[in-house]
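So the sequence lines, in the order shown, correspond to chains A and B. With the working numbering applied, the first sequence corresponds to residues 298 to 618, in that order. With the working numbering applied, the second sequence corresponds to residues 870 to 1025, in that order.
Only part of the chain A face toward chain B is listed, based on derived beta-carbon distances under 7 Å:
hint	residue
1	I330
2	S331
3	A334
4	V552
5	A559
6	S561
No lab work stands behind these hints, which were simulated from the structure alone. All values derive from a computational prediction rather than experimental measurement. Built from N, CA and C at the ideal position, the CB exists for glycine as well.
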Amino acid sequence: MRSVVFLICLSLNAAVAATPLQAQESIQLLRKISFAAHQLTYQGTFIFQRDAQIESTRIYHLADQSGEHGRLISLDGPAREIICNGDEMQFYYPDARSMMVERQAVARRGFPALLPEQLQTLSDNYQVEEGGQERLAGYDSHILLLNPKDGYRYGHKLWVEAATNLLLKAAMVSDENRVIEQFAFTSIRIGGAFDRALLRATLPVKAPPLHNDRPAGGDVIQSGWEVDNLPSGFGKIAEMRRMFRGKAYPVTHLVYSDGIVAVSVFIEPLQPGARPMSGVARQGAVNLYVHPENQYQVTVVGETPEITVRQIGDSVVYKGK
Amino acid sequence: MREEISMLVDAELDGEDVARLVSRMKDQETQDWLLYHLIGEAVRDPEGFRADLDVDCRAVIVAEPTVLAPSRLHKARLYALSAAASVAAVFLVGWVALQGPADSPVPKQVAQAVHLDVIKSRLNDYLLAHQEFSPRSEMMPSNIRTVSDTYQESGR
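Based on the sequences and whatever the hints tell you, model everything.
Dropping the structure here:
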């Protein structure tokens, strides 16, 4: 009898697989995933893979009234450690006897993870389906599939912890169903007692911090720059002028999103004597395209196929006065 | 004090001495420390010396040639400088398939060499700036990509 019940359960499971989700449902779920990653306390080890390269990292993450605190320590290769407190990050490179404190750009502060309008476009661009259940790192997870509706984006597969909605694993998949980039917890403990001592840097520091307050970006502007031939499903979510280290002039930064990934366009004046550049590069799921436009250098970066960054880069035009 | 800071930069102090010195350092001293690092960077790689230096720093570099005495330039320190200078960098070591456009008049191999060099140096900050706005990054536990990319940097 027991095995009959088990069989029925199995077939039910199979029936649940690839059930399309209503737009509203999937949007809610993605919201919860973003929330969980920042609002939960957890500690564990995850692997990050892109192309043929895999590496493991230990993570401690505490969320309390004062915000997010975290420590990441690399387990492969040279030891490195990152301590996060709110929007401040400290990088430790003990082998190099150095450390750097960096504050994230102000542009990000208060920027909601997923804007409602971004999420609304999601269902226009992806078929969202439930993909069944799987046990991962000791936890039960629901699988969420985001199948792209065209060639301008990759597919996504998300493993979401059943009780807390913490993302336990995520993969980006090409149109040939090849995994381009993925991360996965190999062990994790969600919630429970947390020893704050685990948030302290363990690598010996031999030098005081080298401060690197990145100049605040975030001057929201109407730059006059536009993307004429925007790939379907992408909408502009940010436009600003910001300063970067080593550049004496401001750079225009436009951001477009299809609800799940973003593409950034950076536009800067060509410096006297500088050679205009043109080319494509890829790292894992991130494609990059540089292209000159008139007296400006355009750089496009996004977690999309090459065609997307290329089409955007090729149609950047100035329409201001 | 300056001498001690200089020793610190050269990694000639250890354990307790470092702790004592750090606790005594105030703003001016921190500035000095930063300055020595920048000087080291300039010595190591004059071509790539960052353009955003304070005028004050430049003045001191010119005025204090003794700081640049070769005996001070420990190998370990130079390595430290190169790592610190580009921390937070999403470095492009792992990038593949950089190529010129199909209609490029420049032979592909030449184009590749030129681009890789120049592009590397300018894109680190762009990649980080981009990531701040990626909805997908927001769903993942903090800074996955960042820690991974610092690996690329320090592992090079």
